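Student: Using numbering that gives the first Met the number 0, the first residue of the sequence shown is number 0, and each one after it goes up by one.
In case anyone wonders, no lab produced these hints; they're calculated from the structure.
There may be inaccurate statements among the hints.
What the hints assert, rightly or not - List time: in silico SDA-like cross-link candidates among lysine to any residue, alpha-carbon distance up to 25 angstroms:
1) Lys98 to Lys17
2) Lys86 to Asn75
3) Lys17 to Ala156
4) Lys8 to Arg54
5) Lys137 to Val90
6) Lys95 to Ile15
7) Lys162 to Lys223
8) Lys224 to Gln181
9) Lys162 to Asp116
10) Lys199 to Ala159
11) Lys162 to Ser190
12) Lys36 to Phe198
13) Lys137 to Lys185
14) Lys162 to Lys224
15) Lys157 to Lys224
16) Lys59 to Ile135
17) Lys98 to Arg54
18) Lys59 to Lys95
19) Lys95 to Cys226
20) Lys59 to Glu99
21) Lys140 to Asp111
22) Lys137 to Ala96
23) Lys95 to Arg54
24) Lys8 to Ser24
25) Lys162 to Gln181
26) Lys185 to Phe198
27) Lys65 to Lys95
28) Lys223 to Asn177
29) Lys140 to Ser186
30) Lys162 to Ile15
31) Lys149 to Ser24
32) Lys59 to Lys98
None of these values were measured; they are calculated from a predicted model.
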Amino acid sequence: MDKIRFTLKMNHQSDIPKYQQMVNSVNNAIAENILHKGDMLPSVNSIYKTNQLSRDTVFKAYSILKEQGVIESVPNKGYYVANEVRKVLLVLDTFKAYKEVLYHSFINNLPDNIITDVQFHHYNIDNFKTIINSSIGKYYKYVVMNFDDKAVPNTLAKIANDKLLLIDWNIYSTSQNNYVFQDFGKSFFDSLIDAVDLFKKYKEIVFLYPVFTNHPIESLNYFKKFCN
Numbered sequence: 000m001d002k003i004r005f006t007l008k009m010n011h012q013s014d015i016p017k018y019q020q021m022v023n024s025v026n027n028a029i030a031e032n033i034l035h036k037g038d039m040l041p042s043v044n045s046i047y048k049t050n051q052l053s054r055d056t057v058f059k060a061y062s063i064l065k066e067q068g069v070i071e072s073v074p075n076k077g078y079y080v081a082n083e084v085r086k087v088l089l090v091l092d093t094f095k096a097y098k099e100v101l102y103h104s105f106i107n108n109l110p111d112n113i114i115t116d117v118q119f120h121h122y123n124i125d126n127f128k129t130i131i132n133s134s135i136g137k138y139y140k141y142v143v144m145n146f147d148d149k150a151v152p153n154t155l156a157k158i159a160n161d162k163l164l165l166i167d168w169n170i171y172s173t174s175q176n177n178y179v180f181q182d183f184g185k186s187f188f189d190s191l192i193d194a195v196d197l198f199k200k201y202k203e204i205v206f207l208y209p210v211f212t213n214h215p216i217e218s219l220n221y222f223k224k225f226c227n
């Protein structure tokens, strides 16, 4: 007889729909190596009886997981884990040439069982909220390039720290966050210092910094420091 080693985790006080909690619970169990390919899942009857759920809710969750290719149903036997593919969400600001390089470098260095969805927030907070809110619980890990908006921290707080990696700009990060940041200030300043001899052949250096830009102001501040 197939041994079921998975226990569904449900929170009846949560705002997350019950079917989505079921989907999240199965995906998380796979991500945490609790479930593996070929493992049997609890039957519809056992789930709705032990978790105070309707049969429709359980069927909906299992249908979504089947559509995602996570599970498969075997007639007269039950539901089984179909594969152990883990999904990562990569949230970037805009699509530019070097972001394409970043994207391809990222996906080319992931294990074969990791697939990546990429989204762009375009520095629009409503778009950013929609991307994050609609993705909660659907991904193994989240890699997010954040930006300067006061609503960003509360939105990111919905993602568990052990699932979140912040990249590019050190803004709104906390000591609990995982991060890989660019240094838009000191490293830029050091590069200018290294190029002093090259600059000497010019009468002046012009640094173009628009009145409105999403580029960190640290670069401008350190350029002024260099000039002084």
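Student: Under the constraints set out in the numbered hints, which ones does this structure not fulfil?
Tutor: 1, 2, 6, 7, 10, 11, 12, 13, 14, 15, 17, 18, 19, 20, 22, 23, 27, 28, 29, 31 and 32
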